[in-house]
Amino acid sequence: MKTFFKCSKFGLILFVFLLHSCSKEESIDNTIEGNWIVISFEDYQDSTSITKTEQNTWSDYNNGDITVNFSFSNNLNGNLSGKNITNTFYGDFRISSDNKLVIENTIWTFINEPEWGRLFHSIILAESFEINTDQLIIYYNNKENGIVLERSQN
1 MKTFFKCSKF GLILFVFLLH SCSKEESIDN TIEGNWIVIS FEDYQDSTSI TKTEQNTWSD
61 YNNGDITVNF SFSNNLNGNL SGKNITNTFY GDFRISSDNK LVIENTIWTF INEPEWGRLF
121 HSIILAESFE INTDQLIIYY NNKENGIVLE RSQN
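Residue numbers for the sequence shown follow this note's numbering, so the first one is 1 and each next one is one higher.
Source of the hints: derived by calculation from the structure; they are not laboratory data. Predicted, not measured: the structure shown is a model, and the values here were computed from it. Just so it is clear, CB atoms sit at the ideal spot from N, CA and C, and this is done for glycine as well. Keep in mind that a hint or two might mislead.
[Unchecked claim] Below are the DSSO-like pairs computed for lysine-lysine, each with C-alpha atoms no more than 30 Å apart in a straight line:
hint : residue 1 : residue 2
1    : K143      : K100
2    : K83       : K143
3    : K100      : K83
[What the hints assert, rightly or not] Derived DEER-like restraints, expressed as beta-carbon distance ranges:
hint : residue 1 : residue 2 : range
4    : Q55       : S122      : 15 to 23 Å
5    : S122      : Q153      : 20 to 28 Å
6    : D60       : E144      : 16 to 24 Å
7    : N69       : S47       : 15 to 23 Å
8    : Q55       : K100      : 31 to 39 Å
Kindly generate the complete structure, drawing on both the sequences and the hints.
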């Protein structure tokens, strides 16, 4: 009987040790996945916002919109692609559990691009992101600037 209790104690201690030594998989916010449309570029230092107008975009092309698709290839990494009004772009992204965001390996075409499209190139400076319902904010420059996107119904 004493041997049984010793074995049970040892088994319990071993179980507790193994339970604590196992690492949990990072919980990643994958709600970034899907189609998005840029609605503004924010400067939080100066409290200014630039939105799409007839003066800074061309509505004949892609309705004057910047559209982005985030697609995961695994739990932490994925691809982004889209249309920057008149041009297309592709790249890779990486996120972490604390909503850090890295955009890399981007391929762009720059030909004949209006101001609204040129502003979007700041996405390569991405540092973090935040999602509130159907709105995505991509922060850069130590959260002094942000790109605000709205989830697309397409």
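Index of numbered hints that the structure contradicts, given in increasing order: Those not satisfied are hints 6, 7.
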